Amino acid sequence: MNHYATQKSLSDAVDGGGLLVVAQWEAKPDEADKIAGILDRFLPEAQREEGVKLFLISRAKDNPAQFLFYELFRDEAAFKAHQESAHFKTYIAGQALPLLAKRERAQYGLL
Numbered sequence: 001m002n003h004y005a006t007q008k009s010l011s012d013a014v015d016g017g018g019l020l021v022v023a024q025w026e027a028k029p030d031e032a033d034k035i036a037g038i039l040d041r042f043l044p045e046a047q048r049e050e051g052v053k054l055f056l057i058s059r060a061k062d063n064p065a066q067f068l069f070y071e072l073f074r075d076e077a078a079f080k081a082h083q084e085s086a087h088f089k090t091y092i093a094g095q096a097l098p099l100l101a102k103r104e105r106a107q108y109g110l111l
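Residue numbers (the UniProt record's numbering): 1 to 111.
Because the hints were derived from the structure by calculation, they are not lab data. Any given hint could turn out to be false.
[To be verified] Derived DSSO-like pairs: lysine-lysine, alpha-carbon spacing no greater than 27 Å straight-line:
| hint | residue 1 | residue 2 |
| --- | --- | --- |
| 1 | K28 | K61 |
| 2 | K61 | K102 |
| 3 | K89 | K34 |
| 4 | K61 | K80 |
| 5 | K34 | K80 |
| 6 | K102 | K34 |
| 7 | K28 | K102 |
| 8 | K34 | K61 |
| 9 | K80 | K102 |
| 10 | K89 | K28 |
This structure is a prediction, so every number in the text was calculated from the model and none was measured.
Hey, can you work out the whole structure from these sequences and the hints?
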């Protein structure tokens, strides 16, 4: 997967708090590379969203079928807008989710 970054520093991203969403995915057998390709197209669009403060996706080194998402949104409304975006509906809901064996998400508030 390609790496994308913004000009924000980590301290800029976490300044003012926000809603942190951590997700873990596991691909169905033989679907991991297809998911990685979908995420390559999705990630830069997600990072450009107005309410996204930080959006990172990683792939496990010891098990390439596992993906970790670390998403920091300005607030709950920004997270909802993310889930309603055209790129989320196309890439995540429409293409990636059917290829998953497992999906877990948790939400956190920054301290």
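message: For a quick check of understanding: which of the numbered hints are violated here, in increasing order?
response: When the structure is compared with the hints, only number 4 turns out to be violated.
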